[in-house]
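Input sequences plus hints: build the corresponding full structure.
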Amino acid sequence: MNEVLDQWEAGRRDDAVGGLLRLTESDAPSESLRPSNLSETEFAAKFAALATDEAERMRMALAGRWTLLIQLIREIGSRGDRALEAGDVAEAERLYGSLQRVARANRGPDSQVSKLGNMVGEAAERRATEGFAKIRARQSTTATSNSD
1 MNEVLDQWEA GRRDDAVGGL LRLTESDAPS ESLRPSNLSE TEFAAKFAAL ATDEAERMRM
61 ALAGRWTLLI QLIREIGSRG DRALEAGDVA EAERLYGSLQ RVARANRGPD SQVSKLGNMV
121 GEAAERRATE GFAKIRARQS TTATSNSD
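Residue numbering for the sequence shown follows my numbering, starting at 1 and increasing by one per position.
For the record, the hints were derived by calculation from the structure and aren't laboratory data.
Beta carbons: idealized from backbone N, C-alpha and C, even for Gly.
Be a bit skeptical, because a hint or two may be false.
Estimated spans, in silico, between C-beta atoms of each pair [stated by the list, open to error]: (1) 54 - 137: 46 to 52 Å; (2) 109 - 135: 27 to 33 Å; (3) 13 - 59: 23 to 29 Å.
Computed cross-link-like contacts, EDC-like style, restricted to lysine to aspartate or glutamate with a CA-CA straight-line distance of at most 20 Å [stated by the list, open to error]: (4) 46 - 27; (5) 115 - 40; (6) 46 - 15; (7) 115 - 27; (8) 115 - 85; (9) 134 - 75; (10) 134 - 56.
Written as structure tokens, this is what we have:
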């Protein structure tokens, strides 16, 4: 995931999107779909042990990585929307499906994922759900117009 986020940060958008799609379509473990594998429990313990300035640097660095993932989620959702508008339902499903996998990988109890991870996972799930709802609405509209 960090390589994908590095590509995104460097402006290599297509490479980053392609990299995330490859990750989500592979058998890669959930941990590979997280910018950080620190659980909330581990983060709190590590954070408490650091000096204030070190803790702040760590918090900002992690927040920056999660922010990059949010940006990438938005881009994939937008690409899904554009694919659907162009009539490429299969590609839209692929893109929204990748968001579902990111969502599942980044949600869970504090002992497994961070609170930031949960928030990003929820955002990915919402975006995927919205995308799949657009597909269903389009299919419903198409079916209705075909029956006329």
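Hints and how they fare:
1. In this structure, residue 54 and residue 137 meet the distance hint of 46 to 52 Å, their C-beta atoms being roughly 49 Å apart.
2. As the Cβ distance of residue 109 to residue 135 is approximately 31 Å, the hint placing it in 27 to 33 Å holds.
3. Range check, residue 13 to residue 59: about 27 Å between beta-carbon atoms, so the 23 to 29 Å window is met.
4. A C-alpha spacing of about 30 Å is found between residue 46 and residue 27, which places the hinted pair above 20 Å, so the restraint is violated.
5. The suggested pairing of residue 115 with residue 40 holds, with an alpha-carbon distance near 6 Å, which does not exceed 20 Å.
6. Distance hint between residue 46 and residue 15 is unfulfilled; the C-alpha atoms sit about 33 Å from each other, more than 20 Å.
7. A C-alpha spacing of about 25 Å is found between residue 115 and residue 27, which places the hinted pair above 20 Å, so the restraint is violated.
8. Taking the CA atoms of residue 115 and residue 85, the gap is about 34 Å. The hint is violated against a cut of 20 Å.
9. Restraint check for residue 134 and residue 75: the C-alpha separation of about 16 Å stays at or below 20 Å, so the hint holds.
10. Proposed proximity of residue 134 and residue 56 is contradicted: the alpha carbons are some 41 Å apart, above 20 Å.
When held up to the earlier numbered hints, the structure conflicts with 4, 6, 7, 8 and 10 and fits the remainder.
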